[in-house]
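Participant: Throw the hints in and build the complete structure from the sequences for me.
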Amino acid sequence: MGRDVLEQDLNILERMVSYLGEYLLSEETHWEMREPGMPKLTIGGCLMRLHRLHTLQDQLSPTCQEQLNRVTEQFETVLQGSIVRFEEKTHQELHARLHDWVSYFADLSRHMLVDQGYFADKVDTRVVITAMVDKMQTAPYNLQGQIKNEVISLDNNLRQRWQTGTFIWDATWQAAYPVTKYWFLYGMPK
Numbered sequence: 003m004g005r006d007v008l009e010q011d012l013n014i015l016e017r018m019v020s021y022l023g024e025y026l027l028s029e030e031t032h033w034e035m036r037e038p039g040m041p042k043l044t045i046g047g048c049l050m051r052l053h054r055l056h057t058l059q060d061q062l063s064p065t066c067q068e069q070l071n072r073v074t075e076q077f078e079t080v081l082q083g084s085i086v087r088f089e090e091k092t093h094q095e096l097h098a099r100l101h102d103w104v105s106y107f108a109d110l111s112r113h114m115l116v117d118q119g120y121f122a123d124k125v126d127t128r129v130v131i132t133a134m135v136d137k138m139q140t141a142p143y144n145l146q147g148q149i150k151n152e153v154i155s156l157d158n159n160l161r162q163r164w165q166t167g168t169f170i171w172d173a174t175w176q177a178a179y180p181v182t183k184y185w186f187l188y189g190m191p192k
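Heads up, our numbering is the position in the sequence shown plus 2, with the first residue counted as 1.
Hints were generated in silico from the structure; no laboratory data involved. All the pointers check out, no bait thrown in.
Straight line, CA to CA, 30 Å or less: simulated DSSO-like cross-link-like pairs of lysine-lysine: (1) Lys42 with Lys137; (2) Lys124 with Lys150; (3) Lys42 with Lys183; (4) Lys192 with Lys150; (5) Lys192 with Lys124; (6) Lys150 with Lys91; (7) Lys124 with Lys137; (8) Lys42 with Lys150; (9) Lys150 with Lys137; (10) Lys183 with Lys124; (11) Lys91 with Lys42; (12) Lys42 with Lys124; (13) Lys183 with Lys150; (14) Lys91 with Lys183; (15) Lys91 with Lys137; (16) Lys91 with Lys124; (17) Lys183 with Lys137.
Ranges of calculated distance between the beta carbons of each label pair, as one might list FRET restraints: (18) Gln165 with Glu24: 41 to 47 Å; (19) Pro38 with Val181: 35 to 41 Å; (20) Ser155 with Asp109: 16 to 22 Å.
Quick caveat, the model's predicted, so the values are computed rather than measured. Glycine included, every Cβ here is placed at the ideal spot set by N, Cα and C.
Facilitator: Here you go:
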């Protein structure tokens with residue numbers, strides 16, 4: 003199952019990157035891709051997939067490893083010609099995702115009583131935030147200072163009500179998300 007999940011993620015990433023240039027020129031933060039059943043294209047979605055696929059690339063077939071390298075080159079090529087626009091859209095998406103994360107906290111207690119899977123579904127937002135923050139802290143990009151402060155504040159809030167536990171996503175992804183950095187994938191809010 004693990005390799006199938008990785009290959010599916012790689013195919014999604016490939017489709018996302020194929021639209022990335024067009025997406026960066028748009029005003030949309032979440033871009034509807036033309037293929038049915040595909041997630042919306044976002045910078046964060048691309049970065050999350052790039053991170054985990056590169057971390058787990060030894061689990062991919064040689065053909066898929068080559069595909070990942072091509073897709074990564076294509077991603078970086080698009081970014082080279084759109085550094086300022088990429089930075090603007092990433093900050094726009096970061097602000098939107100931080101707002102969503104705050105909203106999840108507001109609804110968390112109510113939803114956790116009804117659906118234990120609620121947090122596991124919503125924590126994707128926090129993983130994507132990490133991917134975007136990491137990218138924006140590499141040259142030539144510049145992360146807005148208030149974003150880092152807001153992430154720290156939200157994490158401190160979550161840690162106050164955190165119950166450490168096991169990895170909450172499919173085990174396929176666990177090696178890509180070590181507990182030291184992705185502690186919010188190992189347990190649940192209490």
